[in-house]
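Undergrad: Sequence:
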Amino acid sequence: MFRGAAIAFVVSMLLTTVATLMSTGAVHAQQGPQHVFSGYVSFHRQPLNDGFVKVTIGPGFGLQPAVQEVAYEAVRQGRYKIAIQDPTRGNMWAKTNPGSPVMLKFKVTYQGREYHRSREVRLEPGKVQELNFDIEGWQWDQAQPRHVGNQPQQGNQPRNDGGMNASQQARMEMERERMEMESEMRQKEDEERRQMERDRMEREEERQREREDRDAEMRQDEQESRREMEEDMRREQMEMERERMERE
Numbered sequence: 001m002f003r004g005a006a007i008a009f010v011v012s013m014l015l016t017t018v019a020t021l022m023s024t025g026a027v028h029a030q031q032g033p034q035h036v037f038s039g040y041v042s043f044h045r046q047p048l049n050d051g052f053v054k055v056t057i058g059p060g061f062g063l064q065p066a067v068q069e070v071a072y073e074a075v076r077q078g079r080y081k082i083a084i085q086d087p088t089r090g091n092m093w094a095k096t097n098p099g100s101p102v103m104l105k106f107k108v109t110y111q112g113r114e115y116h117r118s119r120e121v122r123l124e125p126g127k128v129q130e131l132n133f134d135i136e137g138w139q140w141d142q143a144q145p146r147h148v149g150n151q152p153q154q155g156n157q158p159r160n161d162g163g164m165n166a167s168q169q170a171r172m173e174m175e176r177e178r179m180e181m182e183s184e185m186r187q188k189e190d191e192e193r194r195q196m197e198r199d200r201m202e203r204e205e206e207r208q209r210e211r212e213d214r215d216a217e218m219r220q221d222e223q224e225s226r227r228e229m230e231e232d233m234r235r236e237q238m239e240m241e242r243e244r245m246e247r248e
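First residue of the sequence shown? That's 1 in full-length UniProt numbering, and the numbers climb one at a time after it.
Don't read these hints as lab results, they were simulated from the structure. Misleading hints may appear alongside valid ones.
Straight-line Cα separation of at most 30 Å, DSSO-like style, residue types lysine-lysine; simulated pairs [said to hold, decoys possible]:
(1) K188 / K127
(2) K81 / K105
(3) K127 / K105
(4) K127 / K95
(5) K105 / K95
Across the chosen pairs, the derived CB separations fall in these ranges [unchecked claim]:
(6) V67 / G99: 21 to 27 Å
(7) R186 / P59: 54 to 60 Å
(8) Q195 / R234: 56 to 62 Å
(9) R234 / R203: 31 to 37 Å
(10) Q223 / Q195: 39 to 45 Å
(11) M103 / G32: 34 to 40 Å
(12) K95 / D190: 48 to 54 Å
From the three backbone atoms N, C-alpha and C, an ideal C-beta is built for every residue, glycine too.
Whenever a hint applies, use it, and build me the whole structure from the sequences.
TA: Here it is in structure tokens:
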């Protein structure tokens with residue numbers, strides 16, 4: 001009886017292993033080819049040592065939501081590498097628009113800003129492409145903190161709940177903390193600049209008051225000197241008039 005239970009257990013484990021392998025093979029078979037991008041990322045021709053490259057698609061390709069983030073990878077030592085599958089593969093838009101190009105939008109997140117590349121790139125699964133970025137002159141807006149559960153595919157890396165692996169979660173948390181620190185630093189710098197401007201205006205107002213006081217004092221001294229001179233001239237004229245009358 002014990003031997004039968006052991007045999008049944010072994011058979012069950014073998015069946016489970018086979019099913020898992022078949023399922024894994026099916027998943028890999030369904031993933032389809034990828035378009036692999038890699039290249040340098042720089043700012044003012046200086047390589048970036050941190051930051052992220054993000055790729056989005058849409059609207060207009062039958063996706064829900066209409067605009068989707070399909071890839072997100074860190075910049076390391078001035079370089080990035082990112083692999084993208086066709087998110088429209090098998091959907092209604094792809095079936096009704098065979099051969100129509102799927103266009104990708106690239107963005108670079110760096111020091112709390114998200115820089116937007118104006119030119120789109122055609123998605124060509126199976127292609128390996130060198131694509132370099134210098135984000136100087138790119139339009140940018142404030143980068144938003146990333147949230148768990150709203151992440152794109154990241155190749156064939158192992159994942160945990162929320163669709164991300166531990167390394168991606170750690171990078172996201174570090175990015176969030178860095179953005180918060182940069183926001184606090186910017187607020188502190190803005191407050192310091194405002195305080196410096198207030199101090200400058202107060203000093204300027206004080207100097208203006210001192211100038212006005214000096215000008216008023218000088219005008220008063222001039223008026224007093226003029227009155228004294230006029231008084232002396234009147235006395236001299238009166239004295240001269242008196243002497244003239246005495247001589248006559």
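Undergrad: Next, verify each hint and record whether it holds.
TA: Right, here's what the structure says about each hint:
Note on K188 and K127: the hinted pairing is violated, with a Cα-Cα distance of about 47 Å set against a maximum of 30 Å. Distance hint between K81 and K105 is fulfilled; the C-alpha atoms sit about 15 Å from each other, no more than 30 Å. Straight-line distance between C-alpha atoms of K127 and K105 comes to about 17 Å, which keeps the hinted pair within the 30 Å bound. Taking the CA atoms of K127 and K95, the gap is near 22 Å; set against the 30 Å cutoff, the hint holds.
A threshold of 30 Å between alpha carbons decides the hint, and for K105 with K95 the separation of about 22 Å falls inside it, so the pair holds. A hinted range of 21 to 27 Å for the beta carbons of V67 and G99 is consistent with their spacing of about 23 Å. For the pair R186 and P59, the supplied restraint of 54 to 60 Å is violated, since their beta-carbon distance comes to about 32 Å. Checked against the hint of 56 to 62 Å, the pair Q195 and R234 passes, with Cβ atoms roughly 58 Å apart.
For the pair R234 and R203, the supplied restraint of 31 to 37 Å is violated, since their beta-carbon distance comes to about 47 Å. A beta carbon spacing of about 42 Å between Q223 and Q195 agrees with the range 39 to 45 Å that was offered as a hint. M103 and G32 have their C-beta atoms about 18 Å apart, which leaves the hinted 34 to 40 Å range violated. Between K95 and D190 the beta carbons are some 52 Å apart, a value that agrees with the proposed interval 48 to 54 Å.
The structure fails to meet hints 1, 7, 9, 11 from the earlier list, while all remaining hints are met.
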